[in-house]
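Trainee: For the sequence shown, this note's numbering assigns the number 320 to the last residue and increments by one with no breaks.
Read the hints as simulated data drawn from the structure, not as lab findings. Remember, it's a predicted structure, so these values are computed and weren't measured experimentally. Fair warning: there could be bad hints in the mix.
[What the hints assert, rightly or not] Cβ-Cβ distance ranges computed for the label pairs, FRET-style:
#1 178 - 150: 32 to 42 Å
#2 319 - 87: 33 to 43 Å
#3 281 - 76: 18 to 28 Å
#4 57 - 253: 18 to 28 Å
#5 57 - 87: 21 to 31 Å
#6 220 - 57: 16 to 26 Å
For every residue, glycine included, the Cβ atom is placed at its ideal position computed from N, Cα and C.
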Amino acid sequence: MRDCYPASSRENPVLVPACPPRGLAVQTTIAALIMLTACGGASKALPIDTRAAQVPAVRIAVIVMENEEYGSVIGSPSAPFINSLARRYGLATGMYAVSHPSLPNYLALTGGSTFGISSDCTDCTVAATSLVDQLEHADVSWRAYMEDLPGRCFTGAGAGEYAKKHDPFAYYARIVSDPRRCANVVPLTRLGTDERAGRLPRFSWITPNLCHDMHDCPVSTGDHFLSGLVPPLLRALGPGGLLFLTWDEGATDAGCCRLASGGHVVTIVAGPGARLRTRLARPTDHYSVLQTIEDRFGLRRLRGAACACTPSLAPLLASR
């Protein structure tokens, strides 16, 4: 069986092999390694492994939009703001989502694996470690801003325009079982307050509602929403700050990099820490986003982000 993990990662039985399985033996191994509650078994979570290097003092934000192929956004007259960002900052022209439907991609972006989930299940829980464990272990502040989230520590399938399947933090047992942690998952209305007060955390995740993320509404609606959301966010990120604007999945099964087959999607790297007017043509995927975030914070790469088959988005970052 191929092994895409460093030695330190192989010691942790919670990790799912990042490269595609070959044969029944590998499939059996994967089944033994996946840790899911309500989606198939449970096991205790293990401590996260992070690098000893000092974490650079930067702010990073991620915004995830929905269900549009690259060609439906880049070059589209319905997305003038998004295209202006793509021209001004860094654009990954060969970016691919990991899977279908939505949820596996959100988990890949935050945990480096789909954890065997291939649906938008709302009654499943992932018992494995995630980016949040890494951030807290390294004393990096974080907050997830969910548009139309109905209340603190909400774990229902949805409410109004909020959908749990687009909120990966609602799936990790180590978050939802900890009131202190799940209190960091807040309504999007909190973002403006944090920006104005200068309290934006070091890592911010933003999920728009089902209309503003283009899931249920046209590209033009999402573009207009981003035109109001992004400019103050870029200012609040401060020196060296980075914004990763990406889409969860496309409309095809196009893929790359051995691990991705969720369609060709847009990913823009913007902000003071991004390289201006740069395009990256080499194939990349959602694990590349996680890997680049971890590298910027000085964290060890998780699962698929650690695979040698996962290219970095570092060429889209300005020199430090």
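Trainee: Now, for every hint given, state plainly whether the structure supports it.
Mentor: Hints, verified against the model:
For residue 178 paired with residue 150, a C-beta distance near 20 Å fails the hint of 32 to 42 Å. Evaluation of the 33 to 43 Å hint for residue 319 and residue 87 yields a failure: the beta carbon distance comes to about 21 Å. In this structure the supplied range 18 to 28 Å holds for residue 281 paired with residue 76, their Cβ-Cβ distance being about 20 Å. For residue 57 paired with residue 253, a C-beta distance near 40 Å fails the hint of 18 to 28 Å.
In this structure the hint that residue 57 and residue 87 lie 21 to 31 Å apart at CB holds, the actual value being about 29 Å. Between residue 220 and residue 57 the beta carbon distance is about 37 Å. The supplied range of 16 to 26 Å is therefore violated.
Of the numbered hints given earlier, the model fails hints 1, 2, 4, 6; all others are met.
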